[in-house]
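So the sequence lines, in the order shown, correspond to chains D and R.
Residues 0 to 428 (numbering that gives the first Met the number 0) are what the first sequence spells out, left to right.
Residues 0 to 333 (numbering that gives the first Met the number 0) are what the second sequence spells out, left to right.
These are computed hints drawn from the structure, not numbers from a lab.
Small disclaimer: the values here were computed from a predicted structure and weren't measured.
Don't take each hint at face value.
Stated by the list, open to error - Listed below are the simulated BS3-like cross-link pairs for lysine-lysine, each with C-alpha atoms no more than 25 Å apart in a straight line:
no.: 1; chain 1: D; residue 1: Lys-108; chain 2: D; residue 2: Lys-181
no.: 2; chain 1: R; residue 1: Lys-187; chain 2: R; residue 2: Lys-92
no.: 3; chain 1: D; residue 1: Lys-119; chain 2: D; residue 2: Lys-181
no.: 4; chain 1: R; residue 1: Lys-329; chain 2: D; residue 2: Lys-117
no.: 5; chain 1: R; residue 1: Lys-308; chain 2: R; residue 2: Lys-104
no.: 6; chain 1: R; residue 1: Lys-308; chain 2: D; residue 2: Lys-207
no.: 7; chain 1: D; residue 1: Lys-119; chain 2: D; residue 2: Lys-108
no.: 8; chain 1: R; residue 1: Lys-104; chain 2: D; residue 2: Lys-425
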Amino acid sequence: MIQRSLTLFGGLFVLILLMGWVMGAPFTSSRLVEAAAYALIALGLNIQWGYGGLFNFGIMGFLMVGGAAVTFISYPVNPVFWGGEGPAMLGKALFAFAIGALLVLGARKADRIGITGKWKAALTVLAWFVAYVLYRSQLDPAAAYIESAAGGGWVGGLGGHPILGWIFGGVLAAGIAYVVGKICLGLRTDYLAIATIGISEIIRALIKNMDWLTRGTLTVSPIPWPTPLPQQLQAGGTSISESLLTARALYLLLALVVLGVVLWLISRAYAGPWGRMMRAIRDNHIAATSMGKNVTARQLEIFVFGSVLMGIGGAMLVSFVQIFDPSSYQPINHTFLIWVMVIVGGAGNNWGALFGAVLLWLIWVVSEPLSKAVFEFVSTWSTQFGWGAIPEIEARSAQMRVFVLGLVITIALRFAPRGLIPEVVKRES
Amino acid sequence: MTELIFFTNQVIISGLVLGCIYALGAIGITLIFGILRFAHFAHSELMTGGAFIAFLLASAFAAWGIVTPIPTGFVVLPIAMVLAAILALGIDKGFYAPLRKRGAKPVTLLIASIGVTLMIQGLIRLFFGAGSYSFFEHEPKEVFRFDMTGIGSTRPLVITEPQVLMILVTFVSVLALHFFLTRSRLGKAMRAMADNADLAQVSGINTALVVRVTWVIAGALACMAGTMLALDVTLKPDLAFNIILPIFAAAIVGGLGQAYGAIAGGLLIGFAETLAVFNWTMLLRPLNAILPDWMQLPATLALVPTEYKLTVAFLILVVTLLVRPTGIFKGASS
Numbered sequence: 000m001i002q003r004s005l006t007l008f009g010g011l012f013v014l015i016l017l018m019g020w021v022m023g024a025p026f027t028s029s030r031l032v033e034a035a036a037y038a039l040i041a042l043g044l045n046i047q048w049g050y051g052g053l054f055n056f057g058i059m060g061f062l063m064v065g066g067a068a069v070t071f072i073s074y075p076v077n078p079v080f081w082g083g084e085g086p087a088m089l090g091k092a093l094f095a096f097a098i099g100a101l102l103v104l105g106a107r108k109a110d111r112i113g114i115t116g117k118w119k120a121a122l123t124v125l126a127w128f129v130a131y132v133l134y135r136s137q138l139d140p141a142a143a144y145i146e147s148a149a150g151g152g153w154v155g156g157l158g159g160h161p162i163l164g165w166i167f168g169g170v171l172a173a174g175i176a177y178v179v180g181k182i183c184l185g186l187r188t189d190y191l192a193i194a195t196i197g198i199s200e201i202i203r204a205l206i207k208n209m210d211w212l213t214r215g216t217l218t219v220s221p222i223p224w225p226t227p228l229p230q231q232l233q234a235g236g237t238s239i240s241e242s243l244l245t246a247r248a249l250y251l252l253l254a255l256v257v258l259g260v261v262l263w264l265i266s267r268a269y270a271g272p273w274g275r276m277m278r279a280i281r282d283n284h285i286a287a288t289s290m291g292k293n294v295t296a297r298q299l300e301i302f303v304f305g306s307v308l309m310g311i312g313g314a315m316l317v318s319f320v321q322i323f324d325p326s327s328y329q330p331i332n333h334t335f336l337i338w339v340m341v342i343v344g345g346a347g348n349n350w351g352a353l354f355g356a357v358l359l360w361l362i363w364v365v366s367e368p369l370s371k372a373v374f375e376f377v378s379t380w381s382t383q384f385g386w387g388a389i390p391e392i393e394a395r396s397a398q399m400r401v402f403v404l405g406l407v408i409t410i411a412l413r414f415a416p417r418g419l420i421p422e423v424v425k426r427e428s
Numbered sequence: 000m001t002e003l004i005f006f007t008n009q010v011i012i013s014g015l016v017l018g019c020i021y022a023l024g025a026i027g028i029t030l031i032f033g034i035l036r037f038a039h040f041a042h043s044e045l046m047t048g049g050a051f052i053a054f055l056l057a058s059a060f061a062a063w064g065i066v067t068p069i070p071t072g073f074v075v076l077p078i079a080m081v082l083a084a085i086l087a088l089g090i091d092k093g094f095y096a097p098l099r100k101r102g103a104k105p106v107t108l109l110i111a112s113i114g115v116t117l118m119i120q121g122l123i124r125l126f127f128g129a130g131s132y133s134f135f136e137h138e139p140k141e142v143f144r145f146d147m148t149g150i151g152s153t154r155p156l157v158i159t160e161p162q163v164l165m166i167l168v169t170f171v172s173v174l175a176l177h178f179f180l181t182r183s184r185l186g187k188a189m190r191a192m193a194d195n196a197d198l199a200q201v202s203g204i205n206t207a208l209v210v211r212v213t214w215v216i217a218g219a220l221a222c223m224a225g226t227m228l229a230l231d232v233t234l235k236p237d238l239a240f241n242i243i244l245p246i247f248a249a250a251i252v253g254g255l256g257q258a259y260g261a262i263a264g265g266l267l268i269g270f271a272e273t274l275a276v277f278n279w280t281m282l283l284r285p286l287n288a289i290l291p292d293w294m295q296l297p298a299t300l301a302l303v304p305t306e307y308k309l310t311v312a313f314l315i316l317v318v319t320l321l322v323r324p325t326g327i328f329k330g331a332s333s
């Protein structure tokens, strides 16, 4: 087992070196930083699916939350917004929200004053409706004002350190995961999958359309780096090519430190009593319940933990590319890709998830230029035979990676259903 | 009266059209779930793939110079449905059957269906690019306008020819499915297997045949839904991928495994979506004459902004799962 992992990781290392040699060091270094962030996200899914058996198909939503969080914390302050009436109006909207929440909570406790059954249900629906109308009546004018020139266009950032943004991304993702988990975790696996997809779509719709908060499709850039930018290094007197590599190496180092700490923590958790309990719940939750484990609470716990890692990973990605573009988030790129990483790597094994994340990310980025090369080769060949060239090679090869992703997952499920580095189940004899 | 006609155009007709498409998609999902016990995500790609098959056939018809009185999309539909059914059978044979034979869990099949989704979508994009196509390049899209001045409306009642045909075709196929499920031997066998697969097998039902028939029906209906959606709007590679969530919501709201539930769920979700984004001021405008000044209706009075249309289906789904997890018609429990 150890030997197999070492061989696979050795092969991956050779692949990276080969890629650096063919595609150039600047390209490869960028992809490696992204791979590190994806590895963190894959570890998050590995906790949820590999340890806990939870079917989270809403990864995209958590990545977006992390991205929005780091944008909000680390982007420079927007003085026009803070100088105008925007903050006061938002305060009012928040107040309306609080009143609405109190109304709903009150309606839910209506049985205390003798309203029960159908009347209570009707009252709850009414309370939800009133709360919604109240909130919208305050928020809509505030949003319209802030989006106008007088309001500053959007809220802007807080000008904090990007690392604070990463932490905030994790915290925000945890909060949302708690609410989502409270609603959905009682559901059976396929229902949970559809429910989480739906929630991630709602998050995407919100972030894309709340222009006053996230600037929506107008996108936010440039978002600062936690480590020195290449331009800052160049100002210090480093040459352009060298500054690019040094800056990315520093960022990669930071990402690797985060990844290493996370890996160490979750591996310890896996080996400990907590990990054993989680596996017991995953493999047979009825037996775990009868042993006195609070299955729902534990599943909620692991759902929140995994989502924290996804939030941080999403924040790291946005910091690195320096632009937050809500319309660039797609379920294929940001949910299914992560799933393929974990399944191919080996669910339940952290090293497997790590391996799968790096390997799949490299396949994902390489498949486009590779298929372009293949198409060009076939095209010249077919031209020689007089069949004519393949039209629109550029656009077509861009679509090939989706097909390659599907092919990889179907092959993996067929021939290595437990992954390349599968989970090792230790048994005390 | 103008307001009522506007309401009919905006809500009743488009809600019905949307509901029909959701219902046809949801029937396939719910049948597959009933027989094979897994959520078939690749259904969206069966729909898109079916629509592209129909599009290719329609283009071929146009190239051969065949002119039909009704839109060519509907003429080629039966052939496209047969081809889509074969495609569905092939997908099952190639991807799901080996996993089932190994005794894989439903969750593994679900992940495999996502792999199939990605592959079909990749192939469609490879051959057709990311642009959009129209069925009505070689023929006009006929629009019927019924003059409603007789009942005091300044607006006509508008419905397009594909929409009329779509509603008719859906009605006929749902009726046919109903008779198949209740009257034919095979249909009864299908319902028995959905109820209890083991019991069905020991009582001598050919379960392999039932599985094949399920894929044929699901593939054909998916092709029908996809083609009709493409006829109503435009054909593009992510045609059905974007509406798979409401379709699943329809299947779950109706009760997974219940064919009639899927129809009810589809119509429910279709109408809920159109009602939620409808601008109520347009209907209630005459009230402005009676209402005092401070209660005048605002220019837009929609329940949710149009951008959040997709979330409506999902909210209904969550409420259903919380309040009545088995769906309207008692389906598989959560």
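Checked hints:
1. For the hint pairing D:Lys-108 with D:Lys-181, the CA-to-CA distance comes to about 18 Å; that is within 25 Å, so the pair holds.
2. Simply put, R:Lys-187 and R:Lys-92 have alpha-carbon atoms about 24 Å apart, close enough for the 25 Å limit, and the pair holds.
3. Taking the CA atoms of D:Lys-119 and D:Lys-181, the gap is near 21 Å; set against the 25 Å cutoff, the hint holds.
4. About 21 Å separates the Cα atoms of R:Lys-329 and D:Lys-117, which keeps this hinted pair within 25 Å; it holds.
5. At roughly 34 Å between alpha-carbon atoms, R:Lys-308 and R:Lys-104 are farther apart than 25 Å, so this suggested pair is violated.
6. Annotation: proposed proximity of R:Lys-308 to D:Lys-207 holds, straight-line Cα distance about 13 Å (limit 25 Å).
7. For the proposed pair D:Lys-119 and D:Lys-108, the alpha carbon gap of about 9 Å is at most 25 Å, so the pair holds.
8. Simply put, R:Lys-104 and D:Lys-425 have alpha-carbon atoms about 22 Å apart, close enough for the 25 Å limit, and the pair holds.
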